[in-house]
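Put together the whole structure using the sequences plus the hints.
Numbering (the numbering used here) for the sequence shown: 688 to 1348.
Please note that the accuracy of each hint is not assured.
What the hints assert, rightly or not - Listed below are the simulated PhoX-like cross-link pairs for lysine-lysine, each with C-alpha atoms no more than 25 Å apart in a straight line:
(1) K1043 to K727
(2) K998 to K1079
(3) K944 to K930
(4) K786 to K798
(5) K721 to K704
(6) K1138 to K718
(7) K1267 to K1138
(8) K1104 to K766
(9) K958 to K1145
(10) K1146 to K1179
(11) K828 to K944
(12) K919 to K822
(13) K930 to K919
(14) K822 to K894
(15) K958 to K811
(16) K1019 to K798
(17) K822 to K858
(18) K854 to K998
(19) K1104 to K1043
(20) K854 to K828
(21) K1146 to K1169
(22) K1229 to K1145
(23) K828 to K858
(24) K1145 to K727
These are calculated hints, taken from the structure and not from any lab test. Bear in mind that the values here come from a model prediction, so they are computed numbers and not experimental data.
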Amino acid sequence: MRIGGLASGMDIDQIVKDMMKAKRMPLDKMKQQKQILEWKRDDYRSINTMLLGFRDRLAQLKLTSNYRARMAASTDEAKVSATVTSGAAQASYSISEIKQLASAATKISGKLSDGNEKFNTSQKLIEREGISWEKGVVESKTLRTEGNSVSLGLNGDKLVEGTLSVKINGKSYDVVTEESDLASGKVLLADGKLTFTNEVASGSAVKVDYVLEEKTASFTVGEKQNMISLGKGSLLEEGFSVKVTIGEETENLVITKGPTNGIAELSNGWKVDLTSGNIMFDDKAPGEGAKVEVKFKQNYTDFTIGTHTSKGEVNERIFVTGNDTLDTVIRKVNESPAGVTMFYDSFSDSLTVTRKETGKFNESGNDINISGDFNNQVLKFNNEEKSGQNAKFTINGLETERQSNTFSMNGVTFTLKQTLKETDPPITVNVSNDSEGVLNTVKEFVDQYNKLIEDINKKLNEERNRKYLPLTDDEREELSDKQQEKWEELAKSGLLKGDPLLSGVLTNMRMDMSSSVETNGLYRQLAAIGITTTANYLDGGKLEINETKLKEAIEKDPEAVENLFRGTGTNDSERGVIHKLYDSVNQSITKIQDRAGRATSTNQQFALGRELISVDKNIDSFETRLKMQEDRLWRQFAAMEKAIQRANDQSLYLMQQFGGM
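Structure below.
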């Protein structure tokens, strides 16, 4: 901080500022020049953003689907409906008979309960009589492969032979135990590890289900923890044991009392809820850090549901534990890859299972097969089945059938809804050109073209307010925020007025739109199908559409209209308007980027950026000179202050001498 004028009494700081103000005027002009360059850069980039959006739309308009829009109309939508893709040929289909609709295979079980009693679907199955239970622990996991293998994480526990099920993306893999048997669609089980062929990518999700002979679960007791949950229910008293390790001391616990209402007591007083699988410490918690190891088994059973589907035969093994209810069993079935829907009907006290796909897939037998003790004892499905059937119909004189009521033929998707007798009037499905759809596509394109022309012309014709230059720092201090915004709005206007680069963009686009396209059809220019330049020159080359003429052209020669827009000939004269326009817009984008860069560009990479670098260098150089000049002024005034101070000191000295006489 500099303080001057103590000797002279002059405001040196203000004097220096005033003297430097005139010297700073060239610096303000350079900063204004920099601001104008930045505004021009931003204007160019905003134009490029519009061109990029338009180019993306042009890329979509290269697709045939825009010009081959089709529509399908049925003479009886209540019985047959149809949808169509753009690739469908214009044709007529006559359906003269629908003998039967496709239906899904269905099984209905016997009555689940005896007498008038209804099956309680929310009751735990372990509480019901007449179910044969196995001993083991059911496990279900989703694992991720590392390379082409994955560990089951058995930690010494043993699998019950034949219970392992392995799936990836719903596909089942056959389990083999000999390396020589490993092949596509199979998985090798060895030492608790699954190994696939190289067809399975690393990181694949592997769904495994299996049963352990016995499970060992380990826990570390936390602070104030008063219970442990094993995460398994319907535990067996047989073989249940607990080992507790506290420091160097180990205690082995077994069930000594109960169970009563599912609650058993261990030899140290802990309680075990065999139904839920919880071990309660009560007031006998072992303390933080204690190690608890629990060995247990649970009640389980299983059944198999097999279905024949469009993807082949699917066999799904469903595991059931004593804690499950019929509701949870039904949910497991419905969520399984078996592809069926099961539900319980309380009125008839029976179950129904229906395959999700319609049609007949197993000509030699049932499409749904359910087997196993649990089925015999609880579900009670027998071998009887209402078989699925294919839809049978006659189309254009051809008797045929499909496994689904919805099927595709030559790009047309038919849906059969009701049967149709041979004596009934036939149903006709006509596939025709959707002239309205093509018309709307062309109209949308013209609207977007006109909007782009309007926005670029606005920049080209915008008046330049030359008396409004970018504000200097001093000028900015004298204006309010709103006044600054208004000033800058006027200062920014017209920076691209008459710009030759943008004028070239419009010229190229107009030439493309008016160019001829060599086709074999009726139309070679847009004017021939009703698309012309407006008569008002102030529109700057906008297009207008004679919709009647355009629609007539689309209906009369749709292929010629398509070629006019998206023709892909080897010669430029054979290329459609869209392709020509796309190339022109792409070239314009590149030229503007060379001039103004992109948001991610450095100043060195585009012309205006290099101008900005030059201006910045001039500003830095000039500011250095100004600093030197200001420092010189301060040194001069400092020298003056010293001289005045010496004169003042001498005057004071003389006055003191004369005063003493």
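So, going through the hints one by one against the coordinates:
1. K1043 to K727: Roughly 63 Å separates the two Cα atoms, so the pair is violated.
2. K998 to K1079: At roughly 21 Å apart (the allowed maximum being 25 Å), K1079 and K998 satisfy the hint.
3. K944 to K930: holds, 18 Å
4. K786 to K798: violated, 34 Å
5. K721 to K704: holds, 24 Å
6. K1138 to K718: Not OK: K1138 and K718 at ~35 Å, beyond 25 Å, violated.
7. K1267 to K1138: holds, 19 Å
8. K1104 to K766: holds, 5 Å
9. K958 to K1145: violated, 84 Å
10. K1146 to K1179: holds, 11 Å
11. K828 to K944: Violated. K828 to K944 sits at ~34 Å, over the 25 Å cutoff.
12. K919 to K822: OK: K919 and K822 at ~13 Å, within 25 Å.
13. K930 to K919: holds, 18 Å
14. K822 to K894: holds, 23 Å
15. K958 to K811: holds, 21 Å
16. K1019 to K798: holds, 21 Å
17. K822 to K858: violated, 28 Å
18. K854 to K998: holds, 15 Å
19. K1104 to K1043: Roughly 17 Å between the alpha carbons, so the hint for K1104 and K1043 holds.
20. K854 to K828: With a Cα-Cα distance of about 11 Å, the restraint between K854 and K828 holds, given a limit of 25 Å.
21. K1146 to K1169: holds, 24 Å
22. K1229 to K1145: holds, 13 Å
23. K828 to K858: holds, 16 Å
24. K1145 to K727: holds, 15 Å
Figure legend: structure checked against the earlier numbered hints; hints not met, in rising order: 1, 4, 6, 9, 11, 17.
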